[in-house]
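Next come the chains, spelled out residue by residue.
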Amino acid sequence: MKWDEFFVTGEPMIYAAMVSIVLVSIAIPAGLTYFKKWGYLWREWLTTVDHKKIGVMYIIAALLMLFRGGVDALLMRAQTAVPNNGLLDGQHYNEIFTTHGIIMILFMAMPFIIGLMNVVVPLQIGARDVAFPRLNAVSFWLFFFGAMLLNISFVIGGSPDAGWSAYFPLASLEFSPTVGNNYYSLALQIAGIGTLMTGINFLVTILKMRAPGMKLMKMPMFTWSILITSVIIIFAFPVLTVALALMMLDRQFGTQFFAMQNGGMDMLWANLFWVWGHPEVYIVILPAFGIYSEIIATFARKNLYGYKSMVYSMVVISLLSFLVWVHHFYTMGHGVMVNSVFSITTMAISVPTGVKIFNWLFTLRRGKISFTTPMLYALAFIPIFTIGGVTGVMLAMASADYQYHNTMFLVAHFHYVLIPGTVFGVIAGFHYWFPKVFGFKLNERLGKWAFWFIAISFNITFFPLFILGLNGMTRRMYTYSESTGYGPLNMLSMVGAVGLTIGFILLVYNIYWSTRYQPREVTGDPWDARSLEWSTPSPVPEYNFAKTPVVDKLDAFWFAKKEGKSLTEEGDYEPIHMPNNNGQPFIMGVAFFFFGFFMVFSWWLPAIIAGMFILGTMAYRTFEQDHGHYVTVEEIERTENALRGEKK
Amino acid sequence: MKKKWLLISSFLLMILSGCDNPLLIFDPKGPQAQTISDTILFSILMMAGILFVVYVLFAFMLVKYRSSKLAADYEPPHEEGSKWLEITWISIPIIIVVILSVVTVRSTVDVENTPKAYANEKPLIVYASSSNWKWHFSYPEEGIETVNYVNIPEDRPIEFKLYSYGPITSFWIPQLAGQKYAMSDMVTTIHLAADTPGSYMGKNSNFSGKDFAHMEFEAQVLTAKQYDEWVQDVKETAPMLTEAEFNHLLEPGILGRKTYRSTHLGFSPAPEGEHAGHQHEKNADMDMGTMHENDSTIHGEHQNN
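Heads up: the protein sequence lines correspond to chains P and W, in order.
For the first sequence, my numbering assigns the number 673 to the initial residue and increments by one for each residue that follows.
For the second sequence, my numbering assigns the number 6 to the initial residue and increments by one for each residue that follows.
With a straight-line cut-off of 30 Å between C-alpha atoms, the simulated DSSO-like cross-links for lysine-lysine are: (1) P:890 with W:88; (2) W:215 with W:263; (3) W:127 with W:240; (4) P:887 with P:725; (5) P:1237 with P:1225; (6) P:887 with W:88; (7) W:127 with W:166; (8) W:240 with W:230; (9) P:880 with P:1237; (10) P:1233 with P:890; (11) P:887 with P:1234; (12) P:1237 with P:890; (13) P:1120 with W:74; (14) W:69 with P:980; (15) W:240 with W:166; (16) W:263 with W:127; (17) P:1040 with W:88; (18) P:1233 with W:74; (19) P:1120 with W:69; (20) P:1233 with P:887; (21) P:1219 with P:1233; (22) P:1233 with W:69; (23) W:88 with P:980; (24) P:1219 with P:1234; (25) W:74 with P:1040; (26) W:69 with W:88; (27) P:980 with P:1237; (28) P:1120 with P:1233; (29) P:880 with P:1233; (30) W:69 with P:1234; (31) P:1225 with W:88; (32) W:240 with W:263; (33) P:1040 with W:69; (34) W:74 with P:1234; (35) W:263 with W:230; (36) P:980 with P:1234; (37) P:1040 with P:1234; (38) W:263 with W:166; (39) P:1234 with W:88; (40) P:890 with P:1040.
Derived by calculation from the structure, the hints in this document are not laboratory data.
Here chain P stands alone, though its shape is the one from the complex (with noise of 0.2 Å):
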């Protein structure tokens, strides 16, 4: 191979960009030398076991990758905001769009669930880190190198260009002969496993770590929507590192499973990805109506109405989860009993959905509710979302669908379902847990102000897409003639993306003023909020709980403000056993990142060698005799004086 194909060339805006991640890359080292700070990085971050820490790095890379899929959109808006735009030419417009899709879903929207879920989940049932601490950043570095391979993509070898779904011939060699799609299968895959372990972790945590007392149903609505995820990850994810292997072995290693010859099916690879791709759709949203279920409570003072039918409705939910991937091509031509099976299965959906948005209404209803920032989302989900899935009903229907398939009405769709369902939920949830996390809340007035740019831009934004849809404007098209009449349309969207960026540079510009002005909150509890996790001082402590609560019914810690009792019972501190950190997982991620480049350019040697190391790292973890340390009792009452010391 020779360099100039090595490196992408041609492009001014490729150009900026290398030179933009030399500079950061030489100012990172470089900073950390100058402020003495390598220490402190390797001791709290890079070797941290914490489940706190680990969901503080997820939730900072996944706004890193907020942003860089963020600048995607915001290129795809761009070329199609007016007919016959050269701003991109097709083929960048193609890898722009893939890598869009594959950062939002897979690098943004699930790590973003995936952080809230490690700092939150421990707290709310009691426990004081998940079940397997190593594993989990064992997880987290694995996703992370994942996400920096594909990332790289972009300026060495060229990135995937077959769309986020990758439907084989197109990504076959044939087709897609760069590296890009060698990227996809590889990064993917390595930040597939890092997810699928973590969906172990989290079904051991919340089914054996629960405080005494917590019944499964008297488990926060959150944890509860996390068991569920937990079980559908378990369930889905292995589809895709099987579908990936395969086209690895297609592309790389001359198998012929989704090939156009030899027996190869095409269909093969359409059906394995969705089998995984439509369960992955409420790993990302169940989680989300968990997020909203806490916030409208806490924020409506009132109990979760419907308690019972909220948990059924979203087992129900994941069981259909697993029955509806074929709406995804009513096109392949399977004619109409199948068709009439998945439609009917689909909208199935919409009934415990449904369920769960009116008992959400109910749970307002004689409530006292008050406007904060993340009730604001919470709140906004509710009529935005209910278009999302209204729109997701209409295209369930078979025949209807044959005239929405790959056109714009269902980009419209799912961004509907997916911004205020996921996006609005992370960061809803991001603005309510900040204080348990950092001691501070984020400031109210910017975070409205975020609020209402996000909110509204978004529909600017989307809205005109499902008209544009019904107009017949296909997805992935990166240019139109102007005789099609999309144009205006596409620049009103034009703007609400650019709307859509202030609000979010709003949202990060608040976590910054926030850091250097807001006060700092010393209650634990600065939403009067109803779960464990607000017993719990803040910032809270690396052990949690100082004493484990113990819990007699659903809100418990509600109920214990109300009547002014204690959830620990009396007596003095004892020493808590916890994890010690490790280097290993952070050492273990970054030889699966070279060994996933080296196999992206099928080197093969370097690529073994790497590969025998990551062996090697499991074969001494093996051998390895950790017992963890325990934290003295004299050491946790510092702590906790320190903490609640300033308490009325």
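Following the hints, position chain W against chain P.
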């Protein structure tokens, strides 16, 4: 009742279509597109009803129960839920889903078969195949072939047999019928008919690489007489389509219109019957051969639903 429904839907159509310049999906020119357009309008009405209920409840809750309107010492009650309310908002959506399911199945049956009004007529068969980034139309009975445009007669059932010489594409003439995939290893079928002569936009709607955005064709509906004249004219004036010429056409790129007085079906048959995908080369061993023959029959049934 039927009149009222028609009135409402035509009103809705007016809003959606902006009167003089209707949206493509709501401007059907054949029975199949008409069926889908009606289905979509019906579903929009149902969905508007649901949105209305949710929005009214939402507005009511926000206006009535905002803390600024309530007494400072108001403390919300503890409510477990209500069995009757739960039953209401489970059963009404189920009824809606059942209604929509019936509509879906019936309309899907309609558009997946020869349009009812033409059920007794012999359909015109056109093979439409895609290659990067163009469309080939072969008329086996007439023995002619075109590239990037297709002429069809009005008031006659048409069957488009779809397949691909490359990535999966989706054949779509929005004003005549819904779309369907064209794939390399099986043939799929679109049934349609056109009732108004005119020129309609056709395209590939499924992303297929670099010049996907330019993969449009013109579908022209002619009167029966014009159509016969056109076929005759092609047979007399157009050149033959040789295998070499066809292979040249298959090379990736964008082409203008082409017309030939023979088809590629002879030397490069569609992947149906014994040529269906998963059919190994002829010299594969016998066991494999029989296996794949079974395979191809299954695929043959596939296309006919």
